[in-house]
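Trainee: The lines below spell out each chain.
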Amino acid sequence: MALPLHAEMSERIWYYTFRTLCGMIFFFLIFPILVMFPLSFNAEPYFTFTPEMLSFDPAGYSTKWYEAFFTSGTWQAAFRNSFVIAIISTLISTFLGTLAALGLSRPEFPYKTAIMGILISPMVVPLIISAAGMFFFYSRIGLQGTYIGVILAHAALATPFVVITVTATLVGFDNSLLRAASSLGSTPTRTFFHITVPLITPGVISGALFAFITSFDEVVVVLFVGSVNQRTIPWAMFSGIREQISPTILAVASILVTFSITLLTVIELLRRRNERLRGVSAA
Amino acid sequence: MATSDTKANSDVLTTPDGTPLKVALKRTLWHRKRNALLLVAPLFLFVLVTFLFPIFDMLSRSVDNTALVEILPNTTALLAKWDDSKGELPGEEIFKSMVLEGQVAAKEYNITKVGKLLNYKKSGMSSLFRKTGRKLKRFDPEKLETNYTDMLLGIDKEWRDIEVWQVFKRQSGIYTASYYYSAFDAKMTANGLAMKDENKQIYMTLFVRTLYMSSLITFLTVLLGYPIAFLLASLKTRTSNLLMILVLLPFWTSLLVRTSSWIALLQKEGVINDFLVGIGLIGDDSRLSLIHNQTGTIISMTHILLPFMILPLFSVMKTISPSYMRAARSMGATPFTAFRRIYFPNTVAGIGAGGILVFILSIGFYITPALVGGTEGTMISNFIAYHISNSLNWGLAAALGTILLLLVLALYILYDKIVGIDNMKFG
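Those sequence lines, one after another, are chains A and B.
Taking this note's numbering, the leading residue of the first sequence gets 1, the next gets one more, and so forth.
Taking this note's numbering, the leading residue of the second sequence gets 1, the next gets one more, and so forth.
Everything labelled a hint here was simulated from the structure, so no lab data went into it.
Just so you know, not all the hints are guaranteed correct.
Said to hold, decoys possible - Each computed DSBU-like pair below joins lysine-lysine, with the alpha-carbon atoms no more than 30 Å apart:
#1 B:K116 <-> B:K157
#2 B:K33 <-> A:K112
#3 B:K33 <-> A:K64
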């Protein structure tokens with residue numbers, strides 16, 4: 001969309017105004033995320049830039065909030081809980097979600113819209129309602145305040161993402177590949193592991209990453225279904241912001257952003273691989 | 001006859017083992033259908049048990065009144081038959097049942113529960129039942145002097161108040177609509193449904209505020225998202241992929257991370273205020289209050305939800321061929337006319353899709369308003385949470401939740417009509 005040489009004055013003005021405007025919106029999008037990195041190295045317990053920091057005085061900077069994070073028992077326990085809960089619930093939701101997506105993608109599947117609607121309902125219902133419902137029900141059956149309760153709740157919340165991602169991978173799936181395998185004498189099991197699995201793997205992995213992020217970032221449900229023993233990172237941040245606000249939260253936030261940049265890169269690479277495999281990225 | 005029979009038989013195609021092809025095909029199809037269903041069944045059951053059932057169970061609390069009926073079964077049954085429009089106190093029979101059942105309930109420490117439930121409808125009921133319960137525990141029916149009516153009136157003269165009995169009667173069914181009345185700021189009186197006093201109408205204000213804030217946030221995301229999506233869609237793929245990172249990074253960043261960074265930016269001693277004071281735009285004593293109010297909620301939620309608007313808009317704009325615009329220009333349209341008459345109408349579906357998505361997400365928001373909303377920037381979800389964990393008025397929480405859920409489902413059906421669930425994508 002480069003500006004042509006014959007552009008009129010008004011077009012030139014509009015072109016640069018529009019670019020500036022977009023630049024400002026991009027700034028609005030990204031600034032709140034980037035600003036945390038310098039702020040988390042603040043030597044003072046404030047949420048803002050101190051005069052020392054602005055004059056680039058080394059005394060204004062410190063890594064003590066990172067030390068606080070790595071030495072605090074509460075934060076370390078929260079970190080462990082987040083990973084344990086996210087990994088197990090990801091395994092459950094990926095397994096169940098992939099199976100369901102395989103079934104849903106078959107052309108002969110009956111009542112597809114209705115069943116799909118039910119399966120993705122955990123993504124649609126406002127979190128506070130899910131949290132309240134699970135709180136009452138899990139309390140009654142004795143799962144409130146247990147790891148199992150939180151893991152089941154998170155698995156339920158994450159399955160829609162797996163179902164949708166894997167179903168999307170299967171949309172471009174060429175069924176004649178399966179017929180070709182059968183006609184060449186392959187058993188259904190062999191066909192599944194040698195043809196279907198390699199083709200859907202990228203979709204399954206990105207679905208699993210979505211499921212992981214969903215659980216790792218979730219706070220409302222864990223606040224209601226969990227107890228202090230299941231305190232996760234988002235929970236610790238939530239109560240940290242409410243009670244004693246300290247730049248440790250910004251240090252944790254910076255670590256999380258680094259983490260999500262890594263995940264984002266992985267997903268992007270997988271997406272490219274998937275497109276290459278299906279031969280649609282030629283354009 | 002015989003010839004036509006043979007002819008018909010030879011028409012029916014059969015598989016090698018002699019079954020008619022139609023039957024065999026039907027059977028195969030049925031097997032495939034069953035296999036497909038079997039694959040979906042585990043997840044279906046899982047979602048049903050861990051998710052859907054708990055939600056229905058919780059929402060049913062909004063009409064559930066069995067607690068009261070279980071504690072005082074006979075009294076509630078009698079009250080249901082009592083005619084409260086005459087303005088007279090109930091008869092001796094009801095008083096007797098109230099005293100006897102009340103005594104059992106008091107000994108099991110249940111009578112205060114009744115008082116608590118009725119106190120939502122009329123203040124003072126809780127203390128009346130607590131006091132009555134205390135006295136009833138020590139009461140011996142053998143030593144009754146006159147009758148049960150006088151006895152109960154002797155405990156507390158509040159029982160003489162007909163309104164107490166009217167409130168009680170209205171709560172004597174297994175189901176109650178009273179939580180919904182409360183959720184709409186109405187109450188049941190002897191003369192039918194009436195709105196509460198203007199200054200007590202908190203929930204209508206809250207719903208209106210939630211809808212207003214969500215609409216404003218949706219509007220702001222369209223306003224900010226449209227130019228970005230337009231730019232991304234019109235740039236070369238290499239450049240737009242690079243700029244897309246600036247949209248995807250916030251999208252992938254934890255909600256709490258973004259909320260806490262907005263706290264750092266917006267607070268009184270925060271980055272934005274410091275900057276404005278630093279460049280001399282505002283005085284040190286007149287720092288802006290950008291947080292713990294509606295402004296804070298709206299700014300941070302607009303930021304959080306902006307990617308949800310940009311991504312659908314971008315995918316719609318990607319499909320609009322640039323030759324449309326070129327054709328319009330070549331036929332003499334000014335850039336603005338070409339945009340207004342050709343480009344914009346093609347993007348309306350994208351605005352609709354992104355708009356509904358942002359709106360659905362924002363009316364259910366809880367965390368961000370709770371942290372940056374103060375009192376005037378909170379939304380309906382925050383009140384539901386408050387009634388569940390603080391006031392313990394679960395019936396009202398369930399009623400508010402049901403209304404919110406119905407609203408979201410209606411919008412979601414609309415979304416499905418415009419976009420289709422199958423077309424939903426992430427990232």
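Trainee: Checking each numbered hint in turn, tell me which of them this model violates, lowest number first.
Mentor: 3
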